[in-house]
Amino acid sequence: RKEVEQDPGPFNVPEGATVAFNCTYSNSASQSFFWYRQDCRKEPKLLMSVYSSGNEDGRFTAQLNRASQYISLLIRDSKLSDSATYLCVVAGDSWGKLQFGAGTQVVVTP
Amino acid sequence: GAVVSQHPSRVICKSGTSVKIECRSLDFQATTMFWYRQFPKKSLMLMATSNEGSKATYEQGVEKDKFLINHASLTLSTLTVTSAHPEDSSFYICSARDRVESNQPQHFGDGTRLSIL
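Protein sequences appear in the order of chains A and B. With the first sequence counted from 1, adding 492 to any position gets you the working numbering. With the second sequence counted from 1, adding 390 to any position gets you the working numbering.
By construction, these hints were calculated from the structure, which means they are not laboratory data. There's no promise every hint is true.
[Claimed, not checked] Cut-off 35 angstroms, straight-line C-alpha distance, at most; resulting in silico cross-link-like pairs (DSBU-like, lysine-lysine):
hint : chain 1 : residue 1 : chain 2 : residue 2
1    : A       : Lys571    : B       : Lys454
2    : B       : Lys432    : B       : Lys456
3    : A       : Lys571    : B       : Lys404
4    : B       : Lys445    : A       : Lys571
5    : A       : Lys534    : B       : Lys445
6    : A       : Lys494    : B       : Lys454
7    : A       : Lys589    : B       : Lys454
8    : B       : Lys431    : A       : Lys534
9    : A       : Lys494    : A       : Lys589
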């Protein structure tokens with residue numbers, strides 16, 4: 493079983509719509525959670541950290557459910573520029589070792 | 391913000407060649423750097439953790455004699471793919487942690503696309 497699992501998508505989203513997707517992780521001792529964005533053939537870039545109480549950054553909302561061991565990302569009012577692959581990242585208590593999901597592809601269409 | 395520079399960004403070479411990739415933290419000191427490999431449509435896979443002034447820690451299944459890592463200073467780590475073969479073709483990405491800004495995760499380099507003919 494993979495340590496971090498994501499629906500690969502693609503999620504085809506009309507511009508202006510809302511899209512949400514989850515990521516599950518297997519290590520219950522995981523302490524830190526992040527969403528990264530990766531554009532085609534580029535390096536990953538940190539989108540946001542995910543906190544236990546849930547957090548919002550503009551149009552992006554992240555949630556953490558420790559009991560069920562999943563995190564989610566919701567994108568409101570999707571823009572064409574949101575088209576990318578979103579990587580779920582999980583870390584232990586030291587952030588020394590990040591576990592990456594394979595990514596969820598989002599395609600925002602006009 | 392924190393910047394990690396990776397060089398070269400693209401390498402095409404013949405089978406049997408050794409290729410060196412550099413990873414530099416430009417505006418912060420990185421005691422620890424990480425090397426990842428990513429195949430198409432796959433997740434980033436950690437290859438090794440590079441510690442300044444000591445030997446790298448390799449993940450299971452990664453050949454330490456094939457992927458040589460040197461972390462000679464707080465701002466530079468190098469990965470050398472020795473005697474590269476076509477199956478080594480991949481996207482190699484380094485990352486670094488700022489030893490001062492401990493509340494931030496890793497900062498990534500731009501990646502190196504390696505193609506072995």
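* Hint by hint, which ones does the structure fall short of? -> Checked against the structure, the hints that fail are numbers 1, 3, 4, while the rest are satisfied.
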